Structures are given as structure tokens and as C-alpha cells.
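Dock chain one against chain two, each of which comes alone in its own frame, and use the hints as you go.
Here are the chains, one letter per residue:
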Amino acid sequence: MNSFLNANAELVITLVKIVLLLFIVLTVNAYLTWFERKVVAHMQSRWGPHRVGPHGLLQPLADGVKFLFKEDPTPAGVDKLVYYLAPLLALALALTSIALIPFGPEPIRLFGHDIYLGIAPPDLNIGILALFAVTALGVYGVALAGWASNSKYPLLGGLRSSAQMISYELALTMSVVGVLLMAGSFNLKKIIEAQAHHPEWGILGWNVWPQFLGFFCFFIAAVAETNRVPFDLPEAESELVAGFHTEYSSFKFAMFFIAEYTSMITVSCLCSILFFGGWLSPFPASWLFTHYLPSAILILFGLWVIWDGIRYETTFGRIILPGLGAAITALGAVFVLLPNVNEFIQGPFWLLSKIFVFLFVYVWMRGTLPRFRYDQLMAFGWKLLLPLSIVNVIVTSFVILAKMQWWGAK
Amino acid sequence: MTTVETAVGTAKTMVLNMGPQHPSTHGVLRILLELDGETVVKAIPDLGYLHTGIEKSCEDKTYSQAITLTDRMDYLNPLGNNLVYCLAVEKLLGLEVPKRAQYIRVMMVELQRISSHLVWLGTHAIDLGAMSVFLYCFREREEILKIFELFTGQRMMTSYIRIGGLALDPPVGWRQAVERFLKMMPSRVDEYETLLTENRIWIGRTKGVGYISPEDAIALSMSGPTLRAAGVAYDNRKAFPYSSYEEFDFDLPTRTESDCYARYLIRVAEMRESLKIIRQALDKISNEGPIKADAPGIIPPQREKMKTEMEALIYHFKIFTEGFSPTPGEVFVTIESPRGELGCFIASDGSPKPLRVHFRSPSYINLQALPKLIEGQLISDVIACIGTIDIVLGEVDR
Chain A
2 MNSFLNANAE LVITLVKIVL LLFIVLTVNA YLTWFERKVV AHMQSRWGPH RVGPHGLLQP
62 LADGVKFLFK EDPTPAGVDK LVYYLAPLLA LALALTSIAL IPFGPEPIRL FGHDIYLGIA
122 PPDLNIGILA LFAVTALGVY GVALAGWASN SKYPLLGGLR SSAQMISYEL ALTMSVVGVL
182 LMAGSFNLKK IIEAQAHHPE WGILGWNVWP QFLGFFCFFI AAVAETNRVP FDLPEAESEL
242 VAGFHTEYSS FKFAMFFIAE YTSMITVSCL CSILFFGGWL SPFPASWLFT HYLPSAILIL
302 FGLWVIWDGI RYETTFGRII LPGLGAAITA LGAVFVLLPN VNEFIQGPFW LLSKIFVFLF
362 VYVWMRGTLP RFRYDQLMAF GWKLLLPLSI VNVIVTSFVI LAKMQWWGAK
Chain B
13 MTTVETAVGT AKTMVLNMGP QHPSTHGVLR ILLELDGETV VKAIPDLGYL HTGIEKSCED
73 KTYSQAITLT DRMDYLNPLG NNLVYCLAVE KLLGLEVPKR AQYIRVMMVE LQRISSHLVW
133 LGTHAIDLGA MSVFLYCFRE REEILKIFEL FTGQRMMTSY IRIGGLALDP PVGWRQAVER
193 FLKMMPSRVD EYETLLTENR IWIGRTKGVG YISPEDAIAL SMSGPTLRAA GVAYDNRKAF
253 PYSSYEEFDF DLPTRTESDC YARYLIRVAE MRESLKIIRQ ALDKISNEGP IKADAPGIIP
313 PQREKMKTEM EALIYHFKIF TEGFSPTPGE VFVTIESPRG ELGCFIASDG SPKPLRVHFR
373 SPSYINLQAL PKLIEGQLIS DVIACIGTID IVLGEVDR
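Protein chains in written order, with my numbering: chain A, 2 to 411; chain B, 13 to 410.
Calculated from the structure, these hints are not laboratory results.
Keep in mind that a hint or two might mislead.
Have a look at the derived ranges for each label pair, beta carbon to beta carbon [said to hold, decoys possible]:
1. A/Gly78 / B/Ile215: 37 to 45 Å
2. B/Gly220 / A/Tyr85: 39 to 47 Å
3. B/Glu161 / A/Val335: 51 to 59 Å
4. A/Ala328 / B/Thr64: 52 to 60 Å
Chain A is faced by these chain B residues, among others (derived, beta-carbon under 8 Å) [to be verified]:
5. Met26
6. Leu59
7. Gly141
8. Ser144
9. Arg151
10. Thr209
11. Trp214
12. Gly216
13. Ile303
Because the structure is a prediction, the values reported are computed rather than measured.
Virtual Cβ for every residue (Gly too), placed ideally from N, Cα, C.
Bound conformation, chain B alone (with noise of 0.2 Å):
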């Protein structure tokens, strides 16, 4: 439990209790606030409100079954949550996957990383009262969600990286509907530039608010957009690449002020590079060719084989009743999130059921930051900072 000090003797402070209901906590985040006016003397935040014990519950799953929780951890970057997973589970049983997997995985992963981005730009504009942003980012989230419906037959909750691979093959016409999006995309950026790039009033509520020097950011471990804004050009894609990162040519944003301005530049800049990703990984991915890696035993068998094979039938029956079980061991891995570095702990003690499982969550170590941004600024700026840290509560309080 946190307990403030409230205002005593000369002080005249006044605690506001900001959430954990809240329009601008982006879900259930508390901070408690002791204000001189508007101005923030003290900010502490207060966790927890939506603790969903998702490791726990991993706990108590196969390794397959554990892919569905991980998708309502980080609810804007699903197919991210499920690709760290899926990766530490790979690196446990020393899995090689296809390339042509790993092409798409890519792909869906930088299209889950703009709609995060557009998301977290709505939500930051309408924050800060620019509402229309809000509604032309959300209008092209929807066209990423159709193309997740599209692949996935889920628009968020995708499941879609499985162990070993991907769940489907792509379906009939997801070329074009993936170079629709990029032909579409690039002009709506510019869109959101132009209503807030040059904007006076939006220069003057982000520029130099929330200042965070690029030391205490790296003290405080954060990472992602919001480090990269601080200057440190650290990415898990360049310094630890993953899924065939390294055969991709983009650029690294990164800025010096360090502030909340920085911080919407980078985002708006890293949609530009993930739009460049796919159009690399759209040449990559040919129409043909495995999406799962061949490992009876782990991978489920093919239905048609099921009927034919003895063999086969065997193992989708120990695959959905037992599941399989890795050596024992321990593993980390790590990708890079919307929000900065995602890691994945998993300890295996050689039963199906991993014996724990961590999420090093970019939204809850971000957020460790918020008070050395906010105190001694106004309100309004708390808000702005909120914003710009991109927490997600989901995977703040997994």
C-alpha cells in the first residue's frame, strides 16, 4: 500500500489523487499528486489496479496453451507478446525456424508496432485536446486490424506466432491488402504531421516538458522510443537482432532534447522505418514455401497426415493432452516492443508446464521514470508525459 504525506505546518500542498479512474491514466494508473497550485511537488504512482496475474497463470499451462495469455498482456502489441514468447520457448528446445516464418513474423510485427504508435498518437493528441488526430489515427488502425483480421481471423487478440512458426498460411490476397496499406500510410503520417508537427500550440505544450537526461534514462533502464529520444541509440532489433532483424536495412531514430516533443518525433519517425520494414519483408516473403518448422513432437501435425499416419495421430494427441516438455533449464530473450525492450524469462524444469515464466515489460520500467519527469512541473504536463512514456497497463500490471 502507498501512503503520502500529506501537507503538514507551513507547507500548503494539496494532495490530488489522480486515477485510478481517470480520463488520461490511459487505463488504471494512480498517482497520487501533492500539488503547490499546479505545480507538482511530489508524484508518486501507484500500481497494481489491473494486476492480472498472467505469469501466474502461465504457470499452470502447457507451453502452447500460455501463447493466449500473452496476447492480453501488452494489448496493443499482441503479436509482440506472442513473438517473445515464442521465440524464448524456440531458443528452450533450440528450434530453428523458416525463414519465410520469420519474413512474416517481421512483417506483423512492424504492422502491430504502427498501429501501437498510431494508437499511442491518438491518445497523446487527445490528451493534450487535439481530438480530430485521435480519430484519423484510429481510422487507420482499423485498415491494420482488418489486415490482422484478415491473416489471423482475430483483429487483437491474434495468437498468431506459434511455437516453431505461425499459426496459418497467409491467406489468398494478403499481398494486396498489405501494399494497399503501404501505398495508403505514408500520406496519412504526413497528415498527422501537418496537424501537429508545426503546430504552436502543440510545440508549446511538448517542447522541453518532461526532460529526462539521457544518464538517469539509462540508470532507470529504460528503453524504446523514449531512450532513443534521449539520444542513446539503443534497439534490440540493431544490438540483439532477432527473427532475421539483421537482414533488414532501416534507420534508427534518435534525437537529444530528451523531452515530449523528442519523444512524439521518434514515434512518428519509427512509422516511417516499420512502413520501410514491410516493404522489405513484403519483397522477402515468397508465396510459397513452410511457415512451421519441422519438429514432430512440438509442431502439430497436419491434419491430412493425421488421417494417414499412424505416427502423426500419436503426437497431436500427446501435443493437445500433455503437451511436450523441453529440457530443463533457463532462458531470456529479448525484442524490441513499441514501448522499448520486452524480455521473457522462462524456466524450464523439464515438464510440460514451464516452472516460471517473466515478462520484463517496457511499460512498467518506462513508468519507473514518470516522477523524476513530472515533479516540478504543471498539470498539465503530467498528462503529456503520461502520454509520451506510452505506458500500457495491461503490461504494467501483468
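Looking at chain A on its own, in the form it has when it is part of the complex (with noise of 0.2 Å):
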């Protein structure tokens, strides 16, 4: 057994990697469904969910339990084969997106092995392009549910998502070009690096600045890739009752549903990475102090969430909350009394909390904005766009061209 480890450990670590990633992504997919109902939810004036678990914290539970559970009803006529295959091919593809991307610097060193975080090799030199091909295939989930439902409503809905996330794909890639320019490289690990050219700038240093046109075509590219408010046109409810998934119920809707959010999270991943530093810090790099932020978080997180917690209403509540707080601070304890561990963290908590504010911008333009129309879209794609960023590419050539004609710089 052991030599067989021993033989294969890159595909055992990869395999566990794997099943890790899977778990953690599916996690947060249900909660970010419970974090977009409760902030949508007081954004609103109301409460969101609150019954199942406290602050309606299993409610995500209760979620898939139902998605597992409901009747899976297959319409007649449908063309089976696609049918099934494009809530498959939607999270499949989803999922592939995730994988692709580094979350942190550092490998971990773990059983004699250099662990990195993600599942690609972090010095993949495709990283970017793999990506958006990756991403770009996800049309073909939605396209083909539309088409193989025999329903005109997701037919509609089919139509409508192919040809916004292609027209949309055009800018999104142009506008990175920018910054691809600026790192010199396809890698992700070699874009972030290029943004701690100076350690010192911290926040400064971050592409968003001079690719700020960049990061304004990107996001509301993006925002149009995953079908989120306002350009969720696909599966208007008020106009096309649920678009292409009007005919999918039980764990395939739940497959869609998990492909949006996870595309969501890897589009919240690349906005961190391109534009604003993934893993850096925000803080110059002699700051060592703002080393303990991220415990200080944690620590002063947790016990706010001890506090709420003996005040709640249920039992349950005032067992599981203040439980739950323990746990943040007692991980924040940890982290600020073993100085390898606190260093390791403060990449992936960086990028985290970055994707976290990313996540929270999607959920706030959801509760704030109306729906495009078709034809306003096509025009705000095509018209504005995809020039604005084909502008950033020109801009950004010249000026690279001309630091190094003039002032040498590489």
C-alpha cells in the first residue's frame, strides 16, 4: 500500500485534491445561495430565510435535500440524450473553470510532498486561455437544454443565452488582454507576481488601477457570462418564465443552479486575480503587522458571533451558534500562535475576501437593478464594450511600448 502511495502520490494528492475542491466548492455554493437570499433579503426589508437551523443556516441543507428528493419528471418529447447531457455538461464545465485556478503562492509541504493550492500546476503558461476556453464551452449546457426541452419558452431562453455569451465573450477576452500585456504571460501565478512588482505600493501596485478600463469591461462582461441582474435574460421569469431550465426540475435544475453560482465564484476568482492582486495584500509588504489581520478578523468575528449566539431565541441556536464562534476563534487563536501557519494563510485570505466582496457586488446589483432587453444588451455589448476594450488594448500597447523605447523599462 504504501509503496503504491509512494508510486503515485501526484495523482492520490491530485485525486484528494479533487474530491477537497468538490466538497468545498458545493459547500459554498449552498451557502452563497442562503448569503444572497439574507442580503437580498434585508436589502429588502425583510428577513430572508430564518426558520431552518439559526438565522436559517441549514436552510442550504434543506435546499438539496429537497432538489434530491423531488419528482424528476422527463416531458415527453424531449431529445433524451441532450436533455440529460446539458445540466451534465453545465456543471462539468463549471467545475473544470474552478480547477484551473491557484488560490494560493506557496506549495504546502505535507507527507514529504509540495502541496499546491488549486488543482492545476500553478505555473500552467496557458492558465488564462484554458480558463475562458473552459468558460466558453459553458454556452453549450444552456444552448443545449433550450434546444432539447421541445418547449418554446427554453428555446427562447436557449437562443437568447447563446448569443449574449458569445457576444459577451469577445469583450471579456479583449478586455484582459490589457493586463496580459502588462504580466507578459498567459500564467495567473506570473499575473499576480507582476502586480507585487513594487512591494512596497501594496494596493497601488494592483492592475485595476492602470487597467481600470479593463476591470470596467471585464466585470460587466463577466456579470453577462454567468446570466446574473442585470443580464439575466436567459431565464427572465417575468418574460420567458425560467428560460432554458423551465423544463428541468429536482437534481438536474439543482445542476444548473450549481453551475451558475460555481461560475459566479470562478468569475469573482479572476476579477481578484487580473485586477486586483489575488493573493496580495492590500498593505506594502514592511507592514508585517497587517500579518495578524486576518486573525484579528477571525478572532473578533467569532466572538461577535458567540455574542449573537447567547442571545438567540432558539435553544438550538444557543447551543450551535456560540459553538460555531468557539470554532472561528479558536482558528483565529491558531493562527496568530503558529507564525508558519499565520503566514501561509494570508494568501488565500486575501484572495478569499477579495472573491467574497466580488460575490457581494453580484448580489447587491441583483437586489438594486432592473433587466436588460435583448436588443439593449446586443447594443451595450457590441456598441460599447467591445470598442471600450479593444481602446484599452491600444492604449495599453503604446504605453508599454513607449516605457520601454524611452525610458528602457522592461
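Printed below as a string of C-alpha cells:
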């Protein structure tokens, strides 16, 4: 057994990582729905889920169970193979794209092996290209679902989304070119490291400043890519009932749902990596005390959860919430006490915080904006975003060229 | 039964059956859409899925009993329905309603107008994807419903306005409740406007969408905010004042763009005007005074009188068993409901039950304009147009 493990260490580690990442992503997805419902609810002066578990924290579990046990009818006249394939495709591609994201700079040394955070090798030199390739394929899931359902609303939804995703794919890719030019690499790790070129600049060194136009185009195009408000036309409830997934129920519907939320996470990851320095801290590298920030935040948050928990109205909540709070506080304390661990979590902490901020923005938009109309969406993508991102590419290349010419900078 | 010609020959169109069960047809409206891609080539509304036979049922009730049926017609405007029916019966009987009751009627109907516009704004906004506005609107509507509950004991099916006056004297503390609402509401309307009026997406979705010329609007006999958005300053409250509306000072917001955005602005402006009217009504309503006309045999007597006066007891018995019999004749009365001109026609043959009751419902008549509004537009515009003509299906299929 041992010899087998040693011989196939890479394989075993990757498999373990896959299972772990799958578990984490699915859990995060589930709690993302909780987070979204809670935040939107508070924006709309209501409570959101609060019956299943304290603060509705077990709601995602209940939803998951519901999805699994719902009856799963297949409508008559569907193209069976494609009908079953579509949600699988959507989910598989969404999960694949998240596998290509590196979550931390340094490998962790366990059992004599360097283990990187993230499934793909961190030095994947086609990183961003591979990512775009996978996300671009995501349109198949939606388009095929719309077509295979043999129903009119899904058909319209599928058509809308294929047109939308293909159009915005262009703007999405073009808007990143500026970043790629600045980093001189497709490698996500290199792109992040390029933003730490001046370690003392901290937040000012991030790509978002020189590439603001690119970020603007990228984020909007990315929201459109993930079919979220205000670009949720493919599933516009008030127009197309439920759009491409009208005829899907039970777990097949859940798969589309998970795919959508997973792509939200992927896009937030990309945004943080390309424009907001990925795992880089926003503070200058010499401010060593900021390394205690993650622990401080965790401890404070944990204490707040305890304080909130002991006053909770149900007994279950009064037990669970302080327990949860204690665990979070303990985690924070562990980071303070173990300097090695503390250094190690800096990268993932900042990356996750940035992802969280973007996810919040997603939810925020959902609570605020109305929906675009189909023709306006197309006009916006082709007439505004695409030209803007091309201008961005041209300006960026000229600036880089000028730098090389006159200042001899690399 | 409605049939639609399916695509034949070279025309490559798809027939989409929108409704009767659809998230944004505001009830059970069915529209047959012939689509070329996303463009609507032809639209045929198909009605009758919510037919309740209210008009017919009225023929089998005494005049007072029929009031409860009118509540359920336009369920966002029950007080308005009560009012138009009672005005018609009062006209038939030649009853004079005390001023105090008239003012209270005006105040209640204007509150109802605001609540109806709130539901309209909320549902229209959620149709266009702005989800939060829906919940904000319902939050304020809740306050109005609380006032209704205070006055009538009911939140929606109030039956508060009765023939010859009102059902009950306003309860203790009603003035403060209305004052509180008047104080709160203007800032809340501002809040909706902050979210929508200047919103680029909102403007893009509504401006220039669903145009109808004033001539067409008049020819289709449209009324209410939809007509006023086309630049025709016609409002029954001004044109044929009823219930002392001539004593109130308010403006008639009109616009000329005649698109969904104009209709939105008109309704928001109307909410503010209604607040003005409520404020004036509040000042006019005295704390003491009659709320019912003096008409024994039509208005049920007071409880105390029944115990001391033989006549009162007889009247009470007669009213609640046989009802009262107006002289034979026909009347037609119109009021301005939140949706437009709401009319009530009553024919009497001298018996205690009406021979025929008919309602001229604005939803039904405005709905006729729908094909004109949406043909040649996109599916998304269909939603916006259904929203802005503000139909209530209960009223469409009485």
C-alpha cells in the first residue's frame, strides 16, 4: 500500500484535492445561496430564511435535500440524450474552470510533497487561455438545454443566452488583453506576481489602476457571461417563465443552479486575480503587523458570533452559534500562535476576501437593478464594451511600447 | 374560442402561448403571440379565464347585498367598486349622502388609489427585473391596509361604503393613523423614484416602449393614467365630479410621450396628488356628524332605536328580508378608479333586486389596446406594456 502511494503520489494528491475542492465548492455554493437570500432580504427590508436552523443556516441543506427528493419528470418529446447531457455539461464545465485557479502562492509541505493550493499546476503557462476556453464551452450547457427541452420558452431562453454569451465572450477576452500585455504572460501566477512588482506599493500596484477600463469591461462582460442580473435574460422569470431550465426539475435543475453559482465564484476569482492582485495583500510588504489582520478579523467575528449566539431565541441556536463562534475564534487564535501557518494563510485569506467582495457586488446588483432588454443588451456589448476594450488594448500597448522606448523599462 | 393562424408557407414564425399561467400576466390573462425571433408579429389577448359572473350574481341579490360582490371585482380597488355601485344606487333612489360621509369616502378611495398604484408599481418593476421595488411598495401598501383594517375590520374586501353612507363611524385614533401615513409616504415615493426614475436601464426598458397616439387611445375609449400619459387631460374626478370632488384642489398630471415611462411618471405623480387630496379631506372631515343619509326603509336603523321604536324594528326586518324597491329606471354613474373610468349601470324594474347590473371596467377596455401597443415590439416589451396598462383580471372578466 505504502509503495503504491509513493509511486503514485501525484495522482493520489490530485484525487484528494479534487474531492476536497468539489466538497468546498459545493458547500460554498450552497451557502452562497443562503448569503444571497439573506443579503437581498435585508436590502428589501425583510428577514430572509430564518426558520431552518439559527439564522436559517441549515436552509441550504434543506434545499439540497429537497432537490434530491423531488420528483424528476422528463417531459414528453424531449431529445433524451441532449436533455440529460445539458445539465451535466453545464456543471462539469463550471467545476472544471474553478480547477484551473490557483488559490495561494506557496506550496504547503505535507508528507514530503509540495502541495499547491488549487488543482492545476500553478505554473500552467496557458492558465488564462485554458480558463476562457472552458468557460466559453459553458454556453453549450445552456443552449443545448434550451434546444433539447422541446418547449418554446426554453428555446427562446437558450437562443438568448447563446447570443449573449458569445457576444460578451469577445468583450471579456479583449478586456483581459491589457493585463496580459502588462504581465507578459498567460500564467495566472505570473500575472499576480507582476502586480507585486513594487512590493511597497501594496494596493497601488494592482492592475485595476492602470487597467481600470479593462476592469470595467471585464466585470460587466463577466456578469453577462454568468447570466446574472441585470443580464439575466436567458432565465428572465417575468418574460420566459424560467428560461432555458423551465422544463428541468429536481436535481437536474440543481445542477444548472450550481453551475451558475460556480461560475459566479470563478468570475470573482478571475476578477481578483487579474485586476486586484489575487492573493496579494493590499498593504505594503513591510507592514508586517498586517499579517495579523486575518486572525484579528476571525477572532472578532467569532466573538461576535458567540455574543449573538447566546442571545438567540431558540435553544438549538444558543448551542450551535456560540459553538461556531468559538471554533472561528479558536481558528484565529491558532493562526496567531503558529507563525508558519499564519504566513501561509495570508495569500488565501486575501484572495478569498476579494472573492467575497465580488460575490457581494453580484448580490447587490441583484437587489438594485432592473433587467436589460435583448436588443439593448446586444447594443451594449457590441457598441460599448467591445470598442472600449479594444481601445484599452491599443492604449496599453502604446504605453508599454513608450516605456520600453524612452525609459528603457522592461 | 380564439384561434390563431399558425405560420404557413414562407413566413417563419412561432406561436407562443403566453399564459394563462405565466409569472407576469398579472393573473390569468392569455395572450397568443406570433413571434418572429423575439419580435411580436401578432398578439391576440384571450380573456375569460377568471370569469366569476359577478354581474349576473348581482341580479339575484338585493341592492344592499350586492355590495360585497363588487369588492371582489377589481380586488385592488374594492372601495372604488363599492363607491361606484353605491353612487349608482343612490342616484336611482335620489338619496343625498351627508357631507361628512362624502369626505370620508373621498379619503378612503384616494388611499385605495395609492395602494393600487403601489401594487402596480411593484409588480411592474418586478416584471422588468427590479425586485426590491416590489417589496418596498408592498411595505407601504401594508400601512394602507392597516388603515383599512382600522376603519372597516377588513384589509381588502372592505364593503365599507354602503348605500346612503358608510358602514361604520371612523374608529378612535383614525385621524392619527392617517396622519402618520401622510407623514411617511412622500419620502417613500421619493425612494422609489430614486431607484427608478433616473435609472438608465429602467429608462431604456420603458422609454419609447408601447406608444399609442392620443387619437387611437380615444378611439379605443381608453381612460385613466394610460390616457393621460397620451396627453389627454381627462379625469372623471374633474370632468364629472362625484362625492364632492369639486371641493378638492388637485392637479391632473398629464404627459405627451404616451409610452411606458410616461405612464410610470403619471402614476407616481398621481400618488402625490392623492396624498394632497387625503390631506384636504382630513381637514374637511369633522369629528362628529352623520355618516348615513336620513332615509328610513333604505338605511338600516340604529340598534338602540330598534329596541325602543316599533317602526325602526319593522324597517330593520324589511331591509334585511325583502330589501327596498327603487322606482323602475336606469342609471349610469362613472368614477375615476386607479385604472380609469369605472362605470356602473343599474336597471331597476321596481323589485327589490336589480334587473341588470353592468360595470364598465377600465381594465377590460384598456386591454383592447394591448395588440396595438405590442405588435412589432419585443417579448420583453410585451411584459412592460401589460404592466403599464395596469389590468386587474378580476375586473376584466367580471
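Status of each hint after checking the structure:
A hinted range of 37 to 45 Å for the beta carbons of A/Gly78 and B/Ile215 is consistent with their spacing of about 41 Å. Between B/Gly220 and A/Tyr85 the beta carbons are some 43 Å apart, a value that agrees with the proposed interval 39 to 47 Å. Our hint of 51 to 59 Å for B/Glu161 and A/Val335 holds, since their Cβ atoms are close to 56 Å apart. For A/Ala328 paired with B/Thr64, a C-beta distance near 58 Å keeps the hint of 52 to 60 Å intact.
Satisfaction of the interface hint for B/Met26 is found here, the shortest Cβ-Cβ separation to chain A being roughly 7 Å, below the 8 Å cut-off. Taking 8 Å as the C-beta cut-off, the interface hint given for B/Leu59 is violated, the closest approach to chain A being about 21 Å. Annotation: B/Gly141 was flagged as interfacial toward chain A, and the flag holds, the nearest CB pair being 3 Å apart, inside 8 Å. Annotation: B/Ser144 was flagged as interfacial toward chain A, and the flag holds, the nearest CB pair being 5 Å apart, inside 8 Å.
Residue-level restraint check for B/Arg151 holds (minimum Cβ-Cβ distance to chain A is 6 Å; threshold 8 Å). Taken as an interface hint, B/Thr209 does not check out: its beta carbon lies about 12 Å from the nearest beta carbon of chain A, beyond 8 Å. Because the smallest distance between the Cβ of B/Trp214 and any Cβ of chain A comes to about 5 Å, under 8 Å, the interface hint for this residue holds. Restraint check, B/Gly216 versus chain A: the minimum CB separation of about 5 Å is within 8 Å; hint holds.
Taking 8 Å as the C-beta cut-off, the interface hint given for B/Ile303 is violated, the closest approach to chain A being about 36 Å.
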